[in-house]
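Q: The lines below spell out each chain.
There are 2 protein chains.
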Amino acid sequence: MNDKLDPLFKPKAVALIGASAKELSIGNVIIKNLLHYNFRGPVYPINPKVDEIRGLKAYPSILDVPGEVDLAHIVIPPPFVPAEVENCGKKGVKALIVNTAGFKEMGAEGKALEDDFLARARKYGIRVVGPNCQGIINSDPAVNAYCNFTFTYPKPGHISVVAQSGGVGAVIMQAFYDMGIGQRMYASNGNGSDVSITEILSYYGQDEETRAIVLYAESLENPHEFIEVAKRVTSRKPILAITAGRTDKGAEASRSHIGGMAGSISMDLIYKKSGILTFGSQEDLCHAAVALSSQPIPKGNRVGIITNTGGPSVIAIDELVSCGMEIPPLSENAAGALRETMLESASIHNPLDVVATAGPPQFKSAFEVMLKEPQFDSIYLNFVTPPFVDCENVAREIVAAAKAQNKPVVCNYMTDKEKWVGTSSILKEGEIPCFDFAETAARALHSLVRYNGIRTAPEGSVKIFDDVDKERVRAILDHAQSKNREVLTAAEVYGILEAYQIPVAPWKVVKGVEEVASAATAIGFPVVIKADSEEIIHKSDVGGVVINIQDTQEAVRVAENMKRMLGGGIRFFIQKFLSKGQELIVGAKAEEGVGHVIMFGLGGIFVEILKDVAFALTPVSDEEAMEMIRSVKAAPLIDGYRGAKGINKEKAVEIIQRISMLVGDFPAIRELDLNPLFASGDEIMAVDARIIL
Amino acid sequence: MNDKLDPLFKPKAVALIGASAKELSIGNVIIKNLLHYNFRGPVYPINPKVDEIRGLKAYPSILDVPGEVDLAHIVIPPPFVPAEVENCGKKGVKALIVNTAGFKEMGAEGKALEDDFLARARKYGIRVVGPNCQGIINSDPAVNAYCNFTFTYPKPGHISVVAQSGGVGAVIMQAFYDMGIGQRMYASNGNGSDVSITEILSYYGQDEETRAIVLYAESLENPHEFIEVAKRVTSRKPILAITAGRTDKGAEASRSHIGGMAGSISMDLIYKKSGILTFGSQEDLCHAAVALSSQPIPKGNRVGIITNTGGPSVIAIDELVSCGMEIPPLSENAAGALRETMLESASIHNPLDVVATAGPPQFKSAFEVMLKEPQFDSIYLNFVTPPFVDCENVAREIVAAAKAQNKPVVCNYMTDKEKWVGTSSILKEGEIPCFDFAETAARALHSLVRYNGIRTAPEGSVKIFDDVDKERVRAILDHAQSKNREVLTAAEVYGILEAYQIPVAPWKVVKGVEEVASAATAIGFPVVIKADSEEIIHKSDVGGVVINIQDTQEAVRVAENMKRMLGGGIRFFIQKFLSKGQELIVGAKAEEGVGHVIMFGLGGIFVEILKDVAFALTPVSDEEAMEMIRSVKAAPLIDGYRGAKGINKEKAVEIIQRISMLVGDFPAIRELDLNPLFASGDEIMAVDARIIL
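These protein sequence lines are chains A and B, in that order.
So for the first sequence, this note's numbering puts the first residue at 1; every next one is plus one.
So for the second sequence, this note's numbering puts the first residue at 1; every next one is plus one.
Because the hints were derived from the structure by calculation, they are not lab data.
Since the structure is predicted, the reported quantities are computational estimates derived from the model, not experimental observations.
Take these hints with a grain of salt, some might be off.
Intra- or inter-copy, both count: the list cannot distinguish identical chains.
In silico lysine-lysine, DSS-like type, Cα no more than 30 Å apart, as pairs [what the hints assert, rightly or not]:
1) LYS299 x LYS111
2) LYS419 x LYS22
3) LYS589 x LYS372
4) LYS249 x LYS364
5) LYS372 x LYS249
6) LYS649 x LYS633
7) LYS249 x LYS299
8) LYS272 x LYS407
Bound-form chain A, shown alone (with noise of 0.2 Å):
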């Protein structure tokens, strides 16, 4: 897969179908790009009416240019796309980029434009990026390609970004580029027609000189390859993301403006299941993946902090702890060596006080025994640069130090740059990355835990239970879609349970009232007692549902009732009736794309006021599960409270993967809710569900 897409970050020769001598023209400014990059390859640009475009040499076709080409640019009008897309192919070009507009997302003729150019493409094997997009960049000094209309120009660097909109793309790449911080390649690739995010990512994965990749999708066209692929790239180099379409209102947005699947809570639940950071901001994710690309990865969330100036590092500490960094103390041995090197006026602690008036041996000192402290994984760094202070030596022990040891360094820079140039450039030649706040600092450091914990994450395994007996739901689904019933009858709903082994209140269904008295005495007083026909769907709003029935007596009466109320083709429901335990909530609901996202909650009120439920795609594995149930609020409350004993953890990650694996098997499921299930004793089991296809 490496080198699939080669022609396209890796050109040898570039033309531009649609060159133009007009300044700012796209056609014109992609030329520029390219000079002004320095492409180490031939650029040719393609238009017949001119001769020379910028000092090269212009042909009035693809098949007049005299060398090989393996990456074009597209900007003419749609309508004279698929031509040159053939002359492309008669070429032998390997990847295009189509940076004009006006195809799939203007309509029926678009489309029909779209699928038309990218036939052609195929036949050939021409890979394609766009249309409707910006196109590449790759800073690797022996490829040196813009092709791109931006107008940026990243240096060289570690950092590699893939962006489905330009614009938030362009926004990232400038930030970095403020940033004084190089980038490695860059992508955005519009409609996506062909070379799709999932195989950008794939890509960048392979690439050595990547380290951190940066993500901005609104939708995706495979979610499945995705998460594969994805994870396979995260357990060697983070993927960091900003998740889109969030809010309802946002998500709406973003549907008006790519026309594909809108975020929503899915994206973010794609992107957990694929051990991608996310970020709720693209400048907390820009800050993060400096750090990601430039320091190792701590074993854990204990910080040792140095600190030259007193309120920062109050200010740093709020946020490390806030974000569940710990900050262990000092070993008594680290204070003892401190002592003899530090100034008199130094506090000798986690944080470690420098004080302003330290110079390089102090700062030397402090980063040596700190760094030895085996109880710290990471050093965060206050430094501010005091006049009176030989502050580019101080850079020079800061960077030895953290050179020397395998543990991240992320600093709280607080300076005029423009002043402070030599300091400046010794700390960014020495990878320790810098950051103008303590908050943000704090939180660059705290990404670098977030990804050690992603990496360290125990796999978790997806169980199959062999138990199930898939031919029962598959009648009863077949049944139920036969009559195009889109919600199943309890006895349906209760059979498909019992299939799949979910544990369910005792339960009979019975045809006559003359056997109501006789189930009821089987399963045991109190009991429900639900009229059950394909016809009734709100039961409890026609009588159709009586609870805490007490004995035969009263049994036969409901049952009598219901038959009087509902008329003869009605069956009976019974089914225990339990009022006791811990409620909980388990729910799916198919996503468009991407299977099911499945629902965890402890009942009532913490799902309806506290909206405290957590959410795993399908399929979910043991582990997942585990940390669904864990990660809700009310979490102490399963673990046990005020003496009362706890749920059956187990059983309730075991019923998880049993509704992961029921959805999984029929994805004509569109909605299941056990609500609610009774966690009692060691027991748990669902005393009303729901199922609607």
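Using the hints provided, position chain B relative to the given structure of chain A.
A: Quick look at chain B alone, frame taken from chain A:
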């Protein structure tokens, strides 16, 4: 009050006691800063050993200076400071900045020196900033005072900064500088021995050119005075603050660094009561200050969005909606008007996507139409600068349209500012606040809405209840204090609650077993009986509490048992046993120097597991009490849930206010808990309570 700090912020002549010819020493840097910043008055270096510093004549003593001196820096070692303060008094100096460190913060000896020089300053009516501080800056071109050893030179502007920590102050000053944002005044007062943060806030409040104030404080000397002054200031202009020490570890670092009262929860509550906008990050705070110092305050939270790029608009909407902003649709009229003026590919909705090719006429129309829409209180703009657009004239149209309407505009400005200098400076001079990221622009806009909320919040009133029996409470407390007791007996606690008309479940205290039956009967069964004595503290541990007693027989048996086990000295506290209703908790806790923090929450898991509680500082107004009740996450339970009647919120507000008054009247009460209260029907009654002195 206005001119009291004028000698400090608008000095006419500045002397520097301890001036030094040594480059990079503080005594040299301050001279350099004053000269570099073009201070309007004379600068007098004071140093008996040299004749000249940086081209200025040096004087052996302040007493030798020929002209008047209103402000003097002191940078000499602590032991020499008192004598020089004396000299300053003789010279008629009005204000001092004591930069020297090594006073109170270093222990008893330093404190004695600090007390000494302060007494001398007071004798002469000299105001002192510091010691252990940076000093002040005033960018007013008529003053140009840079009385500080920092190294950032702010341009004139409308934001003033006061920071206890010079480190944090310098970071904020640098951040504004890096954004190209001017500043008005700056002060960092270190130990704050004389001139307080409160005084400086008040001074900034009355400075016409200061439109927004940035505050960083880790502790406050007199919180009550601070609240009073800050409330007055925030009614006219916004104060923005970072809450330092919001985590325990952060508070600990703050204590060790400033030696004062730590941040913790109370700083946040002090800020809230003062109407101060608080921020979790310095950067967000700086961005908000830029918006607040340049834009009109919107009337509400409804935003019109104009964008010329897709993805960033999705991100902006996510952030705006997450902040609680609304994005109403365009009116039909507006949509009609825009259809006339926009490019064909524009998307005529809110967000209005003018598309990347939009030029000055499209932006002009977009702004004119959107700003006139009555359902938009503000405009959010995404502006990327395409090379093929006349961006300078776009910027001019934006500025002109914004100036013509009294609604705020904020801009996510996506560009390379080094290249788009013209466009950038038109936006800057037009006071359109520009931010690099969609999220940061959205949050800055939200800060304007937050400030509107503060300014328009109803005042609220602190009710003084005249039906309380203060004498009875005083007698109870005097008695307990005379016995050196910290924990009050049940009879004392309920006596105090009764005296303040705080509703409790009916109760009686009786001495003998023979009175128990009749007391319980009078209250009505079921009852609780508690053994009550000054010696028994943990009653339930020793069998001193029995609940849910059903009849006289059981009551007598319980009482006899208690007497046998706990001795003849006990009394019996008998109370109606309630077990139904919604559990609530109201608590009060004394906070050093602040008064009391009042807590409200729902009982049980809501407090113990979900930590779902609200706090306010005494005295709690009716509005604050109602806000506490509304702000807990479980508030829907209070309003009524699943058909259940809600609790009587007016009663809850009254209880909170009565508790607030009680602890305000009797600060000796360190802790008070009503836990739980039961709300049932229209009633709320405490069924257990505890008071600690």
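Q: Find the hints from earlier in the document that the structure breaks and name them by number, from lowest to highest.
A: Structure breaks hints 1, 3.
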